[in-house]
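Given only the sequences and the hints, what does the whole structure look like? Please build it.
There are 2 protein chains.
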Amino acid sequence: MKIGIVGYGNLGRGVEKAISANEDQELVAVFTRRDPGSVKIATAGVPVYHTDKLEEMRSEIDVLILCGGSATDLPEMTPKYAAMYNVIDSFDTHANIPAHFANVDAASRAAGKIGIISCGWDPGMFSLNRLYAHSILPDGQDYTFWGRGVSQGHSDAIRRIDGVLDARQYTVPVPEALERVRKGENPALTTRQKHTRECFVVTAEGADKAKIEEQIKTMPNYFSDYDTTVTFISQEELNEKHAGLPHGGSVIYSGQTGENHHVIEYRLQLDSNPEFTGSILAACARAAYRMNQEGLSGAKTLFDVAPAYLSPCSGEELRKHFL
Amino acid sequence: MKIGIVGYGNLGRGVEKAISANEDQELVAVFTRRDPGSVKIATAGVPVYHTDKLEEMRSEIDVLILCGGSATDLPEMTPKYAAMYNVIDSFDTHANIPAHFANVDAASRAAGKIGIISCGWDPGMFSLNRLYAHSILPDGQDYTFWGRGVSQGHSDAIRRIDGVLDARQYTVPVPEALERVRKGENPALTTRQKHTRECFVVTAEGADKAKIEEQIKTMPNYFSDYDTTVTFISQEELNEKHAGLPHGGSVIYSGQTGENHHVIEYRLQLDSNPEFTGSILAACARAAYRMNQEGLSGAKTLFDVAPAYLSPCSGEELRKHFL
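The listed protein sequences derive, respectively, from chains A and B.
Using my numbering, read the first sequence as starting at 63 and increasing by one per residue.
Using my numbering, read the second sequence as starting at 63 and increasing by one per residue.
Please note that the accuracy of each hint is not assured.
[Stated by the list, open to error] Taking lysine to aspartate or glutamate pairs in the EDC-like style, the calculated list, with each CA pair at most 20 angstroms apart, reads: (1) B:K245 to A:D218; (2) B:K382 to A:E321; (3) A:K79 to B:E321; (4) A:K382 to B:D201; (5) B:K271 to B:D228; (6) A:K273 to A:D333; (7) A:K142 to A:E122; (8) B:K79 to A:E321; (9) A:K382 to B:D184; (10) A:K245 to B:D333; (11) B:K303 to A:E321; (12) B:K382 to A:D218; (13) B:K79 to B:D333; (14) A:K382 to B:D167; (15) A:K79 to B:D201.
[To be verified] Cβ pair distances, simulated, as ranges: (16) A:A266 to B:H383: 41 to 47 angstroms; (17) A:L358 to B:V108: 35 to 41 angstroms; (18) B:L358 to A:H383: 23 to 29 angstroms; (19) B:N301 to A:P249: 30 to 36 angstroms; (20) B:A168 to A:E379: 16 to 22 angstroms; (21) A:P160 to B:S286: 56 to 62 angstroms; (22) B:K273 to A:A250: 53 to 59 angstroms.
Simulated from the structure, these hints should not be mistaken for lab results.
Where is the CB? At the ideal position from N, CA and C, for every residue including glycine.
Structure, rendered in structure tokens:
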């Protein structure tokens, strides 16, 4: 199947790498809103076009993977391209998912195409695990822990403070909280009891470090509800020790059948968040293509995708090797 | 939806308990090949019938959950009842799944019904996790560890030895092997390196314990490939300390995107294997009913079931609460 990528940041590069690992997928082109001449991609021989060219490439692309941000890009981009292509996105602004789903659904249905939204690991694989666990054991509750991993949103928030040159923020689950949930204690946990935040910050010469530390720790929504540590380091140390984008976490479901207790945990330890997320998007592109080939259309999430659609293997192969 | 249970052993009782926890499901009857008068069930007011009565109850039951054994019951039972009802089973004889699937598919299709086979945690939820992981990261390998938990098949094998009155066998993952896999080392592991087997055995007075221990440890297929420990205990101690049927385990997938490594783990810790398995079967009954209502028919596995079908919640509720 022929794939196009829109947007070439970390996630777009992750999708590109995933497509190159999938024998049944071929990258047709990368599309950018920047000057295409300024974008150098990893795959040899594949063109970079301006997004304007998408109007005229419908017959050449089976699925378009949209690698924009959830804040402003995807709410506009996904419905727009859903009217022309099967599309995949990783929309993750939770409160706006119903509206986004409705917009994509209208566009996809009218076009007779499939649009799978919110494909990633959270929302995405973590969501699936919450759903499966609740469906099996209605009497129970789920806990989601993120990290240890880099939060790009929190890192950006620190970078916006005056006197900060660069920053990397790690979200870290509190070990005692994880342990209590894994034991099936079903504790009530506050935000502060679940995660801590570690910040590594590079400042300009002469910056007031005490003031910067105070600004970080009291920042509403981002840090004020957490136990936060701030460590000032040099740009060299940040480049050397904190260049990667690792992430991960656990969905833990603690449920019961009468007096018997059961704990289900789905855990990810990822060296590269954008490459893992990109790999999920590529698998979802396979599902969208096949579901559309079967005549299905409209907006979907991973909840609506029979798992077999994600795999390159046939039903016979799946039953033989994975069941 | 109206559910019937065929077979009332540990698994049948687990399904019964699961149905009582599901507000959208109602147990219509339990069916047995024994004398129905000899079977007392937990749910008040629900009749027990002989399986012969299934011929005449098609209009009263939406889904039939088959709780027989994989060795001799299900290969005959599932195709037979698939010709009359939507059916669910937990068939787990891996080598015979293709033939079983084909038999159920022919019967279900002819009847315009759905038959979901091999619903449990392995095969079942573990299989799903192998499939999802392979679909996301084609470059990697899966490891499955079982336990610590009671293997009923191995316990039965010990009970068949002369001089043994009762026995309980625990399958236990080797901690070092688990740790190496979780670290992403991708080790090649022999059967012996992955699991040990712990046996608690009650013998008849005057039995030759040394000989029994030797017979257990050298039993082909069951024990000879494992490091096995045998502990002789009294019937009282076995009843007191080993009455439960706990189980669990982990599917660990260790994969890479180029130089970056990712570990995905799905882990179960179950107080009661039959109650958890029964809960999966009940969720699959919900899916079978809905898929059939939409006009689908034929044999399926969890690979073919869009996750949303398993949940009592609507698409809107799922996207709002679980995505």
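Here is what the structure says about each hint:
The suggested pairing of K245 (chain B) with D218 (chain A) is violated, with an alpha-carbon distance near 30 angstroms, which exceeds 20 angstroms. For the suggested pair K382 (chain B) and E321 (chain A), the alpha carbons sit about 30 angstroms apart, so the restraint of at most 20 angstroms is broken. The hinted pair formed by K79 (chain A) and E321 (chain B) meets the criterion: a straight-line CA distance of about 11 angstroms does not exceed 20 angstroms. Proposed proximity of K382 (chain A) and D201 (chain B) is supported: the alpha carbons are some 19 angstroms apart, at most 20 angstroms.
In summary, the hint linking K271 (chain B) to D228 (chain B) is supported, as the alpha carbons are separated by about 13 angstroms, within the 20 angstroms threshold. As the CA atoms of K273 (chain A) and D333 (chain A) are separated by approximately 33 angstroms, the hinted pair breaks the 20 angstroms bound. The hinted pair formed by K142 (chain A) and E122 (chain A) meets the criterion: a straight-line CA distance of about 18 angstroms does not exceed 20 angstroms. Taking the CA atoms of K79 (chain B) and E321 (chain A), the gap is about 11 angstroms. The hint holds against a cut of 20 angstroms.
Taking the CA atoms of K382 (chain A) and D184 (chain B), the gap is about 13 angstroms. The hint holds against a cut of 20 angstroms. Of the supplied pair hints, the one linking K245 (chain A) and D333 (chain B) holds, its CA atoms being roughly 12 angstroms apart against a limit of 20 angstroms. At roughly 17 angstroms between alpha-carbon atoms, K303 (chain B) and E321 (chain A) fall within 20 angstroms of each other, so this suggested pair holds. Restraint check for K382 (chain B) and D218 (chain A): not satisfied, since their Cα atoms lie roughly 27 angstroms apart, outside the 20 angstroms limit.
The hinted pair formed by K79 (chain B) and D333 (chain B) meets the criterion: a straight-line CA distance of about 14 angstroms does not exceed 20 angstroms. Distance restraint check for K382 (chain A) and D167 (chain B): the Cα-Cα separation of roughly 16 angstroms lies within the 20 angstroms cut-off, and the hinted pair is therefore satisfied. For the suggested pair K79 (chain A) and D201 (chain B), the alpha carbons sit about 12 angstroms apart, so the restraint of at most 20 angstroms is met. Distance hint check for A266 (chain A) and H383 (chain B): the Cβ-Cβ separation is about 45 angstroms, which falls inside the suggested range of 41 to 47 angstroms.
Checked against the given bound of 35 to 41 angstroms, the beta carbons of L358 (chain A) and V108 (chain B), roughly 39 angstroms apart, stay inside it. The hinted range of 23 to 29 angstroms is satisfied by L358 (chain B) and H383 (chain A), whose Cβ atoms lie roughly 24 angstroms apart. Our hint of 30 to 36 angstroms for N301 (chain B) and P249 (chain A) holds, since their Cβ atoms are close to 33 angstroms apart. At about 20 angstroms, the CB distance of A168 (chain B) to E379 (chain A) agrees with the hint of 16 to 22 angstroms.
At roughly 58 angstroms, the beta-carbon separation of P160 (chain A) and S286 (chain B) lies within the given 56 to 62 angstroms, and the hint holds. Against the hinted window of 53 to 59 angstroms, the Cβ-Cβ separation of K273 (chain B) and A250 (chain A) comes to about 56 angstroms, which satisfies the hint.
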